[in-house]
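There are 2 protein chains.
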Amino acid sequence: MKLVKVYVTLKDSVLDAQGEAIKSAVHSMGYNKVENVGMGKYFELKFADDYADLEKDVDSICDDLLANPNIETYRYEIAEAE
Amino acid sequence: MKLVKVYVTLKDSVLDAQGEAIKSAVHSMGYNKVENVGMGKYFELKFADDYADLEKDVDSICDDLLANPNIETYRYEIAEAE
Numbered sequence: 001m002k003l004v005k006v007y008v009t010l011k012d013s014v015l016d017a018q019g020e021a022i023k024s025a026v027h028s029m030g031y032n033k034v035e036n037v038g039m040g041k042y043f044e045l046k047f048a049d050d051y052a053d054l055e056k057d058v059d060s061i062c063d064d065l066l067a068n069p070n071i072e073t074y075r076y077e078i079a080e081a082e
Numbered sequence: 001m002k003l004v005k006v007y008v009t010l011k012d013s014v015l016d017a018q019g020e021a022i023k024s025a026v027h028s029m030g031y032n033k034v035e036n037v038g039m040g041k042y043f044e045l046k047f048a049d050d051y052a053d054l055e056k057d058v059d060s061i062c063d064d065l066l067a068n069p070n071i072e073t074y075r076y077e078i079a080e081a082e
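Chain order of the listed sequences is A and B. Its first residue numbered 1, the first sequence is counted upward by one per residue in my numbering. Its first residue numbered 1, the second sequence is counted upward by one per residue in my numbering.
It cannot be assumed that every hint is accurate.
Stated by the list, open to error - Covered, in the sense of this in silico footprint (three residues per stretch, anywhere, with C-beta under 8 Å from a C-beta of chain A), are these stretches of chain B: (1) 31-42; (2) 47-59.
Claimed, not checked - Examples of chain B residues toward chain A, derived with CB under 10 Å: (3) Y7; (4) K11; (5) I22; (6) K23; (7) D64; (8) L66.
It should be emphasised that the hints constitute simulated quantities derived from the structure, not laboratory data. Just so it is clear, CB atoms sit at the ideal spot from N, CA and C, and this is done for glycine as well.
Given the sequences, and given the hints that come with them, work out the whole structure.
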């Protein structure tokens, strides 16, 4: 079985309000050396092993469902899963 | 600069309702070979290079802020960032 790990993050040009809020919270906890925090989404998709168009279909799923192409960018890794 | 990539996912024993919803959506888009979808959160934390207690503090930040220890689990990777 193939395990595809997808990471969706905001584009650099878009304000990461959640990340900024978490940075403030981390600082108020006393960890002042945290210089930046970014928040994104993480997906794990499992596919059968004999999947011919895996990368093409993962691109389509990311473009059409998992990421908002206006403000987000994504990357993924394909690994073997048991 | 150190870049810490944190992945927070639901424990296996907890129903992943968002993942199930995404699986249904992916199937309705015609990708029937997707066997399972899990959804989680992804964080990127940047720290200065000369950070002595990095792993200890990242554990604390995850335990106390980023993950809900009742239902979630986390793992992280430490990489070099420019």
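I22 of chain B as chain A interface residue, shortest Cβ-Cβ below 10 Å: This interface hint holds because 7 Å falls under the 10 Å limit.
Interface hint for K23 of chain B, Cβ within 10 Å of any Cβ on chain A: 9 Å, holds
Outcome, coverage of the stretch 47-59 of chain B by chain A - at least 3 residues whose beta-carbon is closer than 8 Å to one in that chain: holds (count 4)
Verdict on chain A covering the stretch 31-42 of chain B, criterion of 3 CB contacts below 8 Å: holds (count 11)
Restraint check, 10 Å cut-off on beta carbons, for K11 of chain B near chain A: 14 Å, violated
Minimum beta-carbon distance criterion (10 Å), L66 of chain B to chain A: 7 Å, holds
Given hint Y7 of chain B near chain A, where the shortest CB pair must fall under 10 Å: Status holds, d = 5 Å.
Chain A contact restraint on D64 of chain B - CB to CB distance below 10 Å: Holds, because the Cβ-Cβ distance from D64 of chain B to chain A comes to roughly 7 Å (cut-off 10 Å).
Checked against the numbered hints given earlier, this structure breaks only hint 4.
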